[in-house]
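Enquirer: The task is simple: from the sequences and hints, build the whole structure.
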Amino acid sequence: MASNEEKDPAAMSEATASKDSNNASTSELDDEHNISRGSLTLLTTCICLAVLLLSLDRTIVAVAIPHITNTFHSFPSIGWYASAYLLTLTALQPLFGRLCTLLPTKPIYLSAFATFLLGSLICALAPTSPALIVGRAIARTRPAWIAGVSLWYSLGAIVAPLVGGALTEKVSWRWCFWLNLPVGGPVVLGMAVLFRPPKQRERGGKSVLSKISSLDILGVVLLLGAATMLFYALQRAADGTPWNNSLIIGLLIGSIITTLLFAAWQAHQGSNALITPRLLKQRTILSAGIANIAMYAALTAYIYFLPLYFQALKGASVVGSAVDLLPLVVACSVFSIVAGVLVTKIGYFTPPAVFGLSLTIIGAGLMTTINENTSTAHWAGYQILLGTGLGLALQSGFFGVQAVLPPNDIPMGTSLMAFCQSLGGALGVSVGNAVLLDVLRGHGEELLTKDVDVESVIAAGATAFRSFVHGEGLHALLGAYSQALRQVFVMAAGFVGGALLSACAMEVRKATERVSTSTISAVEETAPKP
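In full-length UniProt numbering, the protein residues as written are 1 to 530.
I should point out that these hints are in silico values taken from the structure, not numbers from a laboratory.
A couple of the hints might just be wrong.
[Unchecked claim] Quick list of in silico lysine-lysine cross-link-like pairs, PhoX-like style, CA-CA up to 25 Å:
hint: 1; residue 1: K170; residue 2: K314
hint: 2; residue 1: K450; residue 2: K314
hint: 3; residue 1: K345; residue 2: K510
hint: 4; residue 1: K281; residue 2: K450
Expert: Here it is in structure tokens:
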């Protein structure tokens, strides 16, 4: 008994030193984060503006794209205008997330945001379509954590089409990118002065070089290579190259082989992989990832091709097409918030997702029936149905991550869901553009009888044909255009169907349910040891 009560002097000394060290560290952190109310307000404003820019930049060009294609005579490049932005996000978002855990956050954030502004400058000054595509790719290389203020993100999603439409129609589409500079410049300055992140503890005394070497750079290269070959094949098909052309076949085969190499490399990398393979062994995570790809492929297709429908077929102005898109965007944003409240109330995330996608598949089916004569009540109602359903389902993957993964894996799971969303978005626009132009060219001989040359129409831009095609020729062209867009919406409906099937495969578990200790132990046992 007495021996148990005896204290080891060395242990007591070590504990006291540790306690003093912790107290000093805490005091140091308190001093480090002693920020005035005014400075805190300015810092919060900078963060909110950063989030607003991020949200605006995802869709601000959607309504401007038809006008951009008229400027550059680059109708086939529609897919690249969106996918260049989303493709680099797909590959670099997980990398930035890991980089911020290894190195000081502030210089990474500021340099990445400055790169975003550089990309915006290139887009604003772009003399050619390829320059615009390069600018869109550069603009996407910034850390994804600035999307944390969800209210501002939703606000940006709602106003982006209106802002893009107004700037394009009243000033120039280039101001969709110039806008980032006067807003983003003060954000960089404010963050540089006011942002003081906590000092990161040294992890095993690793040097900066060794930390960087642990990043999965090869994984990024393989992923970008596979995706670029796939999207370039789709781009060449949109340019009119036959699908049986050796170049397209070679690109598709190369994409498949590189994807297999990427998968093998990820398995070899284990915990250092860009996409942690063991997460995909969990049924809900795999199903939610597939559903996210499919949902965002459909959503992005609607956001980018509905303005084309309004401007090319209905003759709407750029601002008018932005207003016409609001039923989808507003419904989706509002019901994303409703989904969060609903999951909090009922505790389960799978039923709202399945119900939402069931509504979406109905709206998607109805959307395949629209043409140049469809009334406002019909196409607006279809959009509301689509937006309501997608809004209820879009966040289900993130709810699933919280429910089925142990705490240490939640950041990786969240990053995986964001990765799938970006990949789906890039895929939806690229495939949709290839389908649109393929179907439009299929009406070439029929339109020639009406003195309409399809290639001249495509070369002029998405909506410029109205300046030189008239009478019966215009009527026939609008009919062909309508059929082509309907096939794009058929493609989107197929993606929605795939998302619904994947959502049905998710486990029915409470979003607030804790992962059991046995589950955590099992995951830890299978996890690679450092």
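Enquirer: Confirm or reject each hint.
Expert: Hint-by-hint comparison with the structure:
| no. | hint | verdict |
| --- | --- | --- |
| 1 | K170 to K314 | holds (20 Å) |
| 2 | K450 to K314 | holds (21 Å) |
| 3 | K345 to K510 | holds (11 Å) |
| 4 | K281 to K450 | violated (57 Å) |
Against the hints set out earlier in the document, a violation occurs for number 4 only.
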